[in-house]
Structure formats: C-alpha cells, structure tokens
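Novice: Spelled out, the chains give:
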Amino acid sequence: MPPFRTSPKGCASKAGARMERRNDMDAVSPAEIMAAAGARELRDGETIVVGLGLPQVAVVLAKRTHAPGLTSILEIGVANMNPIDTPVGLADSRIFYRGTCWSGFLDTLGMSLHRGVVDVGFLGALEVDCYGNINTTLLKEDGRVRYFNGSAGGNDVASLAKRVIIIMRHEKRKFPLAVTHLTSPGFVGGKSRETLGLRGGGPSRVITDKAILGFDPGTHAAALLSVHPGVKIEEVVENTGFPLKVAGQIPVTPLPTAEELRLLREEIDPRRVYLR
Amino acid sequence: MAEKVKGAAEVVRSIPDGSHIALGGFAIARNVITVAHELIRQQKKSLTLSQCVMGLDTDLLAGAGLVSRLIVGGGSLDRFGPVHCVNRARETRTIEAHDMSSLSVCFRYLAGALGISFIPIKSLIASEVLERLEQGPGAADLRRMTCPFTGEEYVLLKALTPDVSLVHVQVADREGNCQIEGPRWENEEQAKAARRIIVITEELVPTEYIQRNPERTVIPAHRVEAVIHQPFGAHPTSVFRCYDYDAEHLTLYVDHAKRPDRIKEYLETYVLGTKDHWEYLEKVGGIRRLNELRADRILGY
Numbered sequence: 001m002p003p004f005r006t007s008p009k010g011c012a013s014k015a016g017a018r019m020e021r022r023n024d025m026d027a028v029s030p031a032e033i034m035a036a037a038g039a040r041e042l043r044d045g046e047t048i049v050v051g052l053g054l055p056q057v058a059v060v061l062a063k064r065t066h067a068p069g070l071t072s073i074l075e076i077g078v079a080n081m082n083p084i085d086t087p088v089g090l091a092d093s094r095i096f097y098r099g100t101c102w103s104g105f106l107d108t109l110g111m112s113l114h115r116g117v118v119d120v121g122f123l124g125a126l127e128v129d130c131y132g133n134i135n136t137t138l139l140k141e142d143g144r145v146r147y148f149n150g151s152a153g154g155n156d157v158a159s160l161a162k163r164v165i166i167i168m169r170h171e172k173r174k175f176p177l178a179v180t181h182l183t184s185p186g187f188v189g190g191k192s193r194e195t196l197g198l199r200g201g202g203p204s205r206v207i208t209d210k211a212i213l214g215f216d217p218g219t220h221a222a223a224l225l226s227v228h229p230g231v232k233i234e235e236v237v238e239n240t241g242f243p244l245k246v247a248g249q250i251p252v253t254p255l256p257t258a259e260e261l262r263l264l265r266e267e268i269d270p271r272r273v274y275l276r
Numbered sequence: 001m002a003e004k005v006k007g008a009a010e011v012v013r014s015i016p017d018g019s020h021i022a023l024g025g026f027a028i029a030r031n032v033i034t035v036a037h038e039l040i041r042q043q044k045k046s047l048t049l050s051q052c053v054m055g056l057d058t059d060l061l062a063g064a065g066l067v068s069r070l071i072v073g074g075g076s077l078d079r080f081g082p083v084h085c086v087n088r089a090r091e092t093r094t095i096e097a098h099d100m101s102s103l104s105v106c107f108r109y110l111a112g113a114l115g116i117s118f119i120p121i122k123s124l125i126a127s128e129v130l131e132r133l134e135q136g137p138g139a140a141d142l143r144r145m146t147c148p149f150t151g152e153e154y155v156l157l158k159a160l161t162p163d164v165s166l167v168h169v170q171v172a173d174r175e176g177n178c179q180i181e182g183p184r185w186e187n188e189e190q191a192k193a194a195r196r197i198i199v200i201t202e203e204l205v206p207t208e209y210i211q212r213n214p215e216r217t218v219i220p221a222h223r224v225e226a227v228i229h230q231p232f233g234a235h236p237t238s239v240f241r242c243y244d245y246d247a248e249h250l251t252l253y254v255d256h257a258k259r260p261d262r263i264k265e266y267l268e269t270y271v272l273g274t275k276d277h278w279e280y281l282e283k284v285g286g287i288r289r290l291n292e293l294r295a296d297r298i299l300g301y
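Protein chains in written order, with the numbering used here: chain A, 1 to 276; chain B, 1 to 301.
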C-alpha cells in the first residue's frame, strides 16, 4: 500500500493543491493515461458502480467531460458523487458531499445492481487472468499467504453488471495464467456467462499503465486492443503472464487531452492521492 | 418505561463471551469505537463479528484477540491501509473467516430483519469465494438451488440474526429513535436483524426534535434496547456532518497495527490505559484536536 499523504481539511487543501499544480503539461503520467482511458470507456447516460481507487477518478473525469448524464453509484450508498476535495476511498465524507441520493447496500448493490440496471462495473484488482477473473483477496509470496481487502462489493459487481471494466498496473505477476484466488468471476474456464449461471455480461476491458485489453467474443480470452504512447507491443506481451492474443494492427491509445489533464491535476486529484 | 440511556461499560457488561456482534462501521466511517474499546477493556472472549465492509472497529477487536469468527464481505481502512490485524489473524489461522461479499452479508441481514430463514442471491456463483465457503464451516450457511419458477441457478444464504447490533448515529432521543445523516450502508438491515440493538449517539436530542423530521428515523425506538451518549464516540473514524476522520491518528494506528508487538503497545496506551472514552479523547489530543476535526457546516467533513 503506498503511503497516504495527510492533508489539511477543506479550503486549506484546495489552496495547497493550487500551489502544487504542475506546470509541465507534457509529462503525462501512466496513471493519467489510465484515468482518461477509463473515462472514455464510459458512455453518457450509463449507470456505473464504482470501485475503490482509480475508478473513482475516471468516473468523475467522464462526468465532467463527455458524459455529464452518467450516473455513478458507490456501494456505501451514494449516487452521483461530485466531490470538490479528493476522497481517500469509498467511506470518505468528501465523496458524500453533493451526492444526489444517500442510501445503502440494499439500494445500490441490491435494487440497482442485483435488479439488473447497472451498465458498467468499474473495478480495481490485485490480479487478473486471461479470462478476466479477478483476485482482490490474497497473494502467495515465498509460500506465505498475504491477505488483502477481499471482495467487498467486487464479487457482486463482477457477477451482475452488464459489463465490467478493470483498471490496474501492468506487471507480469499481476497477470497470471490463473488468478491465485478467484474472488470475482469473469469468463471462468473460458465459459460463457450464461453457462456459468451469471446474469452480468462479464469483463469487457482491462485498462493498464501500458495498454488496453479486451476479450475475444469467441474464446473469451484476453486480447490486446491498444498500446499507450511510447509502449511497444513486445513490452506488453512480455509483461503479461498469460499468452496475450495480438491480432492485426494495434492502435496507440490516445493521450489525455489538455482539458482532461487540467481536470485531473487541478480539480479531481490535485494532491495526487491516486495519480502518482 | 425503563431508562434506555446507559454508559458503555454497563452495556458491555451485559454482552456475554461468545456473542455474535454486528458492527455498524464501514472502513473509516461511523465505527463503533466507544464500544469496541470497552469490549477490549472488559476482555470479552470468542466473539463472532459480522459486517459488510470491515473497518477500524473490527481490526481493533481482532488485534486485541477477542474474535474467533468473522462473517464479512471485505474491508480496509481505505487509503490508510488494509485491516492488518484481521489479515494477520487470517494468515495465522487464529480466526475462522467466512468471507462473502458486501451484498451477500447485507442480504443475510435483510432476511434476518424480515424474519425469513434464508434468501436467494445471484452473486458468489462460479467464484472461489463460494467454493471456500462450501469447503469450510460456512457450508452450513448456504446451499445452491434452482428456481422452481424460472429454472435459474441461485445461491441460498441463511439469515443472519446477530445477538447484538451496534450502530453509531448522529442523533438519537432517550427512547432510541435514531436518525442517520449521509449514506447508511447496511445499518438498517443489520440493526433490525439483531435480537438486541444498541445505539451510540453523538448527540442526545429531545423527542420533539425527532418529531420534526420523523421520515429521517432509520431505527425506531421500539427496537432499541440501549442508547449510549458519546460525543466523538467514533474517533478516529468520521461521522458525517459532525467530524472528519483523524488522518494523523489513523496513520499512527496503521503504523502500530502492522506488527503484533506494536499493536499491543497501541492497545495498552489508548485502550487499556484509559478508563473510558473521555480519557481516550484526552489522550488523542483533547478538545483542541477534536475541534480541528469538527465538520464544516457546508461540507459535512
């Protein structure tokens, strides 16, 4: 877990943020590319259940750019988060302020997600395998088991959302052939969601700091869709622990626009809690 | 009617070892710290804890060695870190963990609150979460079945009926009518599933205040057994519109929670070394620090 930067409350943090503002708009960080790419996957008018971390940033960016009519839902019981200070997670009051509905799990994960009206589940992950199965529970290091946050709403979202977008760092160990622990199902064993008995449509994108992956409609295996500027296809393949399908011409992921960068740096995450 | 307003120590004395306690916190928001500390001071044993998303309250109780079983969806201290004490207890297998998902635990409370013995869900299917539950002691609490009407596959979850539910609220009256501001996660279902509901309130208000906006009453008095009045009772976690989380103290906590010897030191200093929550509040900085954490009236944090 990266160190958390404590910050002064309320207005003080906003003033501090302005002072910290970076002038160099050219040096775009991988996290900024991820956030912008994540935002672009969301369409105006869609309903999104948002997970902890970068998904929170991407959803606010989408809402403030091309998707003003997007509805975001946080499992804790907040609709349409629109924070003015960067929250440190899902349980931060900063994310409650200016919401349009306060409820709880029964409303958010129950009567929206379980009811079948959520278009996108937007999640982070410790590991993702070639069928888009997600691990957020545990890792094995030197024969020792290390536990992390577990499912929380992750399993519910992956099971029930119409499509799932995963956002995570691209490292070989994070993309194993099979996840160490299958917390949230994708196309388990390459099977269709219907065969698995799952209502939701399953994973559609994995957005990393190197590339964007999709899933082959026939085999349900992960395939390379685009590489970020300056990243070679071989580099993506080498850093993926499972055989990654690379077919045809692979385009380059567009960089964030100047306006997207300004929003990310000045408004959404000026203290760089997520955009390191 | 018997007086419901009680002190934390008195209430905790009425909770036997081995109880199933449902905790009302979520990560770093509205955790039941007052009662968690008192459970530690009174060294309760072999507790079962349940919660959709664990936070500091669960981690403190696990760190103090009071917990033998967990029924949870997941948990963390948001950006401050994972629930180190809980995770260590899993790794050393000193806790029997029934790891589910947020909605599964919420549905189990809902079934409990409605007085039905089970509830079907479309989560958990095709996951290792389900496999592990089926292979462990959690197997007794779930079944797979096919819907007799549609033929669709479901997981059936057994209702949860905690012995005691603890919930921290902004406002309650002496009878126990509770009003919660901001999101309420599983507070309502969890409380109403329990045999006994114990409320910890920031502010004790006259019933006439409740009567002004009765639509805000989430847990009504007739279900509530006891009301503990404890301002800053959730510190260092936040209470929306009352105070922010204490980032410095949470960082200090996580620093200690990472290591077994250090968590002991934390508990000795801030919990066992204080006689009640008032003394704890003095130790973490007193009125000067608490005033810094007070919520902005517009922002609510």
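The set of hints was computed from the structure by calculation and includes no laboratory data. Treat the hints with care, as some may be off.
To be verified - Taking lysine-lysine pairs in the DSS-like style, the calculated list, with each CA pair at most 30 Å apart, reads: (1) B/Lys45 to B/Lys158; (2) A/Lys191 to B/Lys158; (3) A/Lys140 to B/Lys4; (4) B/Lys283 to A/Lys140; (5) B/Lys283 to B/Lys258; (6) A/Lys174 to B/Lys158.
Novice: Next step is simple, just say for each hint if it's right about the structure.
Specialist: Here's how the hints hold up against the structure:
1. As the CA atoms of B/Lys45 and B/Lys158 are separated by approximately 25 Å, the hinted pair is consistent with the 30 Å bound.
2. A threshold of 30 Å between alpha carbons decides the hint, and for A/Lys191 with B/Lys158 the separation of about 29 Å falls inside it, so the pair holds.
3. Proposed proximity of A/Lys140 and B/Lys4 is contradicted: the alpha carbons are some 49 Å apart, above 30 Å.
4. Of the pairs offered as hints, the one joining B/Lys283 and A/Lys140 is violated, with about 39 Å between alpha carbons and a cut-off of 30 Å exceeded.
5. Distance check on the hinted pair: B/Lys283 and B/Lys258 sit about 21 Å apart at the alpha-carbon level, within 30 Å; holds.
6. As the CA atoms of A/Lys174 and B/Lys158 are separated by approximately 35 Å, the hinted pair breaks the 30 Å bound.
Of the numbered hints listed earlier, those contradicted by the structure are 3, 4, 6.
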